[in-house]
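Can you build the whole structure from these sequences, using the hints too?
Sequences listed follow chains A and B, in order.
Under my numbering, the letters of the first sequence match residues 20 to 172, in that order.
Under my numbering, the letters of the second sequence match residues 20 to 172, in that order.
Note that these hints are calculated values from the structure, not bench results.
Accuracy of the hints is not assured; some may be wrong.
Identical copies go unnamed one by one, so any copy, or any two together, can satisfy a pair.
[What the hints assert, rightly or not] Cut-off 20 Å, straight-line C-alpha distance, at most; resulting in silico cross-link-like pairs (SDA-like, lysine to any residue):
| no. | residue 1 | residue 2 |
| --- | --- | --- |
| 1 | K100 | R70 |
| 2 | K100 | Q141 |
| 3 | K100 | Y170 |
| 4 | K98 | Q61 |
| 5 | K98 | Q141 |
Protein chains: 2
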Amino acid sequence: MTKQTLQIRKGSPEDVPVLLALIKDLADYERAPDEVIVTEEQLMSDGFGERPFFHLLVAELNEEVIGIALYYFAYSTWKGKYLYLEDFIVQEAHRGQGYGKALFDAVVENAKSEKVKRMGWQVLDWNEPAIEFYKRYNADLSDEWLNGRLYFE
Amino acid sequence: MTKQTLQIRKGSPEDVPVLLALIKDLADYERAPDEVIVTEEQLMSDGFGERPFFHLLVAELNEEVIGIALYYFAYSTWKGKYLYLEDFIVQEAHRGQGYGKALFDAVVENAKSEKVKRMGWQVLDWNEPAIEFYKRYNADLSDEWLNGRLYFE
Numbered sequence: 020m021t022k023q024t025l026q027i028r029k030g031s032p033e034d035v036p037v038l039l040a041l042i043k044d045l046a047d048y049e050r051a052p053d054e055v056i057v058t059e060e061q062l063m064s065d066g067f068g069e070r071p072f073f074h075l076l077v078a079e080l081n082e083e084v085i086g087i088a089l090y091y092f093a094y095s096t097w098k099g100k101y102l103y104l105e106d107f108i109v110q111e112a113h114r115g116q117g118y119g120k121a122l123f124d125a126v127v128e129n130a131k132s133e134k135v136k137r138m139g140w141q142v143l144d145w146n147e148p149a150i151e152f153y154k155r156y157n158a159d160l161s162d163e164w165l166n167g168r169l170y171f172e
Numbered sequence: 020m021t022k023q024t025l026q027i028r029k030g031s032p033e034d035v036p037v038l039l040a041l042i043k044d045l046a047d048y049e050r051a052p053d054e055v056i057v058t059e060e061q062l063m064s065d066g067f068g069e070r071p072f073f074h075l076l077v078a079e080l081n082e083e084v085i086g087i088a089l090y091y092f093a094y095s096t097w098k099g100k101y102l103y104l105e106d107f108i109v110q111e112a113h114r115g116q117g118y119g120k121a122l123f124d125a126v127v128e129n130a131k132s133e134k135v136k137r138m139g140w141q142v143l144d145w146n147e148p149a150i151e152f153y154k155r156y157n158a159d160l161s162d163e164w165l166n167g168r169l170y171f172e
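Listed below in structure tokens is the structure:
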């Protein structure tokens, strides 16, 4: 049996095709497959241009990307700058082996090294496996906020 | 009777003291008065430094600031860059006169001129006046997401 070696590293433009595939997998799982309108080109320029709109970490197993964490720095009028984890995905075939924990831990480390006071994300209220995962971090999971949205065009 | 003239303009460092006072008023209303740890100094450097972490619009009535809208550009892996309205406050004494609508409309205009596909915010599920306000915009108000949070230090 080959030894499975997990490596967490910063994402690069070469990771964009697998990033978009994972984003689409997650949208399917979240029952919103038609909501994804971003393209590889857009992710490329938004994430790796002169002023990136997001940061990407990838989890690589034997040189194959099996998970991603995409985050940016948001602003709270209560806490100041904070890390917002927009997407956090591990391929279904590779779940339950601690790879997600290694990836999430790396995001937490980045939050701490940026000296932010808070890290935030959202999770669907029926996504039990994810909720259980976050509970193991003693995360605060609040259901008292509604998400307001307006769409243009 | 003096004519009431409302002006919406970009915020400046001089607006920071009233901004912080309004942030604290809102935290009181949201039953979390002790959560506000940002200071005037921090808002000053975060909002008006070389690389601002947020944008500020103020509503001024006869040269007195009576409302603020604070937003930043967030990133959605479904929609790309979008406008996130972090705080939107009109002083209690000045509500019900359309000033909030004028301010919110100005934020919508800024979202459109930045060509984002989405504008987002959060509202507490018991904040009926705010919910009614957003419903007049036909906003999507979803209750199926939990807010996950970790705090540091």
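Hint-by-hint comparison with the structure:
Taking the shortest Cα distances, K100 and R70 sit within 20 Å of each other both inside one copy (17 Å) and across copies (12 Å). With identical chains, the CA atoms of K100 and Q141 are at most 20 Å apart both within one copy (17 Å) and between copies (17 Å). For a Cα distance limit of 20 Å, the shortest separation of K100 from Y170 across copies, 12 Å, qualifies, whereas the shortest one inside one copy, 26 Å, does not. In this assembly of identical chains, K98 and Q61 lie within 20 Å of each other by CA distance solely across copies; the values are 10 Å between and 31 Å within a copy.
Taking identical chains as interchangeable, the C-alpha atoms of K98 and Q141 lie at most 20 Å apart whether they share a chain (18 Å) or sit on different chains (16 Å).
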